[in-house]
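Chains as they are written, first to last, in the working numbering: chain R, 1 to 48; chain G, 49 to 493.
Derived by calculation from the structure, the hints in this document are not laboratory data.
Every value quoted in this text rests on a predicted model; they were computed, and no experiment measured them.
Just so you know, not all the hints are guaranteed correct.
[Unchecked claim] No more than 25 Å apart at the CA atoms, straight line, and that leaves these computed lysine to any residue pairs for SDA-like:
#1 R:K42 with G:E252
#2 R:K48 with G:G191
#3 R:K42 with G:W449
#4 G:K491 with R:I7
#5 R:K2 with G:D105
#6 G:K118 with R:C24
#7 R:K17 with G:Y386
#8 G:K437 with R:M1
#9 R:K42 with G:P100
#10 R:K2 with G:G191
#11 G:K119 with R:C32
#12 G:K491 with R:C32
#13 R:K42 with G:A282
#14 G:K118 with R:R5
#15 G:K491 with R:C24
#16 G:K119 with R:C13
#17 R:K42 with G:I493
#18 R:K42 with G:T96
#19 R:K47 with G:E380
#20 R:K42 with G:D73
#21 R:K2 with G:K54
#22 R:K2 with G:E252
#23 R:K42 with G:F230
#24 R:K48 with G:P126
#25 G:K286 with R:C32
#26 R:K2 with G:A291
#27 R:K17 with G:L377
#28 R:K48 with G:T96
#29 R:K42 with G:D105
#30 R:K2 with G:K286
#31 R:K2 with G:E116
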Amino acid sequence: MKRIRTIVTRDLCESAKNGGCGECQTSCQSACKTSNGVANQKCENPKK
Amino acid sequence: MIHAYKLMGQNIIIDAGSGCVHAIDDAAYDAIALYETCGRDELAARLTAEYPELTRDDLDELFADIEELKKDGKLFAPDAALEADGRSGGKRDIKALCLHVAHTCNLTCDYCFAGQGRYHGDAALMSAATARRAIDFLVENSGDKRNLEVDFFGGEPLLAWDTVVETVKYARSLESEHGKNFRFTLTTNGVLLDDEVTEFCNAEISNVVLSLDGRREIHDARRKTPQGGGSYDAIVPKFRRFAEKREGGYYMRGTYTSANLDFTEDILHIADLGFTELAMEPAVSAPGDALGLTAADLPELFRQYEILAAEMVRREGEGKPFAFYHYTLDLENGPCVYKRVAGCGSGSEYFAVTPEGELYPCHQLVGEREFVAGDIWGGVKDGFEFRRKVINEREECRGCWAKLYCSGGCAANAYHASGDADGVYELGCELFKKRLECAIWMKVI
Chain R
1 MKRIRTIVTR DLCESAKNGG CGECQTSCQS ACKTSNGVAN QKCENPKK
Chain G
49 MIHAYKLMGQ NIIIDAGSGC VHAIDDAAYD AIALYETCGR DELAARLTAE YPELTRDDLD
109 ELFADIEELK KDGKLFAPDA ALEADGRSGG KRDIKALCLH VAHTCNLTCD YCFAGQGRYH
169 GDAALMSAAT ARRAIDFLVE NSGDKRNLEV DFFGGEPLLA WDTVVETVKY ARSLESEHGK
229 NFRFTLTTNG VLLDDEVTEF CNAEISNVVL SLDGRREIHD ARRKTPQGGG SYDAIVPKFR
289 RFAEKREGGY YMRGTYTSAN LDFTEDILHI ADLGFTELAM EPAVSAPGDA LGLTAADLPE
349 LFRQYEILAA EMVRREGEGK PFAFYHYTLD LENGPCVYKR VAGCGSGSEY FAVTPEGELY
409 PCHQLVGERE FVAGDIWGGV KDGFEFRRKV INEREECRGC WAKLYCSGGC AANAYHASGD
469 ADGVYELGCE LFKKRLECAI WMKVI
């Protein structure tokens, strides 16, 4: 596409199919401890 | 729903429903912004008026590209959060504990949300027996979850170092029998950091958070010794030695307040000291607190986050990169939509444990007696409920483009700002959205 460059991202709608294993890091066990964010965490589901 | 924004020379579209990100030129930016509200002929006329160099073929090609992205679910996609509805609320296995091994501290930081480490109660250290019971409680309540997380927190956890070591040893002894994998983290002010602690952390602690606020005068104004002096000179050499020997993750984590709205200078100072994994969080304070941040501070804070993003890119180009926690997005391998919808897990999969073994839904709520959730011997008490709504249940979040990145925000911040753990901390929302815009900008340039 000439005018649109799409960055590779995980398809979140698609992630509903095999998601929800609950093995990824709990948000606040990270560097922040005072705010919440999930976007910088890694998926740990081998079947994704 | 899309979020279209222009930042530091880039036109960016975040397709909030699917999580797709597009970097586009000016004509495509205007076309996508108007695409769902404007007929094709009118849109073509408006684009031609604005961009006379565009031919009809150019416009047709642009519209075809937009239609293709729509068809592929990459633009104007349905809300992925809806896919997860009905599977993300309710009871969850417990998989993470914040162990408050020390309700006491060897510094007296004036912005400490934990009341100088004592959480508005008496000074206390967690015994090894209590810590072992906490590990048993976690294993018993973790269902089929394999990855269990334990954060050693305080106060200052190195004041209870023997308990930390004993807890790790005990947890490791349970792993194979119960099919669990423990991950430990530790947050320390560094005063007691030495080679013994460093070696143990290298072997056992997957992430270590080291508290440093930045420039000496900024750090020392807030993070004081009990005698009232600054702590910078005592801890920075220890942190540097730790980082040199570190095998595994660490974060240098600072806190900024209204006294250093130019917090980017502090982040860069820490980077200039040689540290490469950095985090800087806004102070959590009661409304009206002199060090607290207000909506009037937002323009300057936004400017600072932009300066930071641009400087990080510049340094990376010079071969001197560093990571900033909130700009470390994993767009390709980030969490699934269930995780994004359900939030931080406070009071469901995550609990804080006091030195006496009481349970709270979050470390930031420890000491607020109405939130006592039970204890590690009797478990979560009957009738205890701390269920922050999933994002689409909350009116303020439902229409927000950032909801699948912030996961609805921090319950404790919402409680302290609004009096309701299910409320909204608006300042936190604004800062989160700005950080996210900058983080994605760094991905597209």
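Evaluation of the provided hints:
Of the supplied pair hints, the one linking R:K42 and G:E252 holds, its CA atoms being roughly 20 Å apart against a limit of 25 Å. Of the supplied pair hints, the one linking R:K48 and G:G191 holds, its CA atoms being roughly 21 Å apart against a limit of 25 Å. Pair hint R:K42 plus G:W449 holds up; C-alpha atoms about 21 Å apart against a cutoff of 25 Å. Taking the CA atoms of G:K491 and R:I7, the gap is near 8 Å; set against the 25 Å cutoff, the hint holds.
For the given pair, R:K2 sits about 12 Å from G:D105 by alpha-carbon distance, which is consistent with the 25 Å threshold. For the hint pairing G:K118 with R:C24, the CA-to-CA distance comes to about 30 Å; that exceeds 25 Å, so the pair is violated. The straight-line distance between the Cα atoms of R:K17 and G:Y386 is roughly 10 Å, inside the 25 Å bound, and the hint therefore holds. About 40 Å separates the Cα atoms of G:K437 and R:M1, which puts this hinted pair outside 25 Å; it is violated.
Note on R:K42 and G:P100: the hinted pairing is violated, with a Cα-Cα distance of about 45 Å set against a maximum of 25 Å. For the given pair, R:K2 sits about 51 Å from G:G191 by alpha-carbon distance, which is inconsistent with the 25 Å threshold. This hinted pair does not check out: G:K119 and R:C32 have alpha carbons roughly 38 Å apart, beyond 25 Å. Between G:K491 and R:C32, the direct Cα distance comes to roughly 21 Å. Compliance with the 25 Å bound is thereby established for this hinted pair.
The straight-line distance between the Cα atoms of R:K42 and G:A282 is roughly 35 Å, outside the 25 Å bound, and the hint therefore fails. Straight-line distance between C-alpha atoms of G:K118 and R:R5 comes to about 14 Å, which keeps the hinted pair within the 25 Å bound. In summary, the hint linking G:K491 to R:C24 is supported, as the alpha carbons are separated by about 23 Å, within the 25 Å threshold. For the suggested pair G:K119 and R:C13, the alpha carbons sit about 14 Å apart, so the restraint of at most 25 Å is met.
Taken as a hint, the R:K42 and G:I493 pair is honoured in the structure, with Cα atoms around 22 Å apart against an allowance of 25 Å. For the suggested pair R:K42 and G:T96, the alpha carbons sit about 44 Å apart, so the restraint of at most 25 Å is broken. At most 25 Å may separate the alpha-carbon atoms for a hinted pair to count; R:K47 and G:E380 meet this at roughly 15 Å. With a C-alpha separation of about 31 Å, the suggested pairing of R:K42 with G:D73 is violated against the 25 Å cut-off.
With a CA separation close to 19 Å, the supplied pair R:K2 and G:K54 stays within the 25 Å bound. For the hint pairing R:K2 with G:E252, the CA-to-CA distance comes to about 50 Å; that exceeds 25 Å, so the pair is violated. Restraint check for R:K42 and G:F230: the C-alpha separation of about 17 Å stays at or below 25 Å, so the hint holds. For the proposed pair R:K48 and G:P126, the alpha carbon gap of about 20 Å is at most 25 Å, so the pair holds.
Distance restraint check for G:K286 and R:C32: the Cα-Cα separation of roughly 21 Å lies within the 25 Å cut-off, and the hinted pair is therefore satisfied. With a CA separation close to 45 Å, the supplied pair R:K2 and G:A291 exceeds the 25 Å bound. Under the criterion of a C-alpha separation no larger than 25 Å, the hint pairing R:K17 with G:L377 is consistent with the structure, at around 22 Å. The hinted pair formed by R:K48 and G:T96 fails the criterion: a straight-line CA distance of about 44 Å is larger than 25 Å.
Distance restraint check for R:K42 and G:D105: the Cα-Cα separation of roughly 42 Å exceeds the 25 Å cut-off, and the hinted pair is therefore not satisfied. For the hint pairing R:K2 with G:K286, the CA-to-CA distance comes to about 52 Å; that exceeds 25 Å, so the pair is violated. Restraint check: the Cα-Cα separation between R:K2 and G:E116 comes to about 13 Å, which is no more than 25 Å; the hinted pair holds.
Violation of the numbered hints given earlier is confined to hints 6, 8, 9, 10, 11, 13, 18, 20, 22, 26, 28, 29 and 30; the remaining hints are satisfied by the structure.
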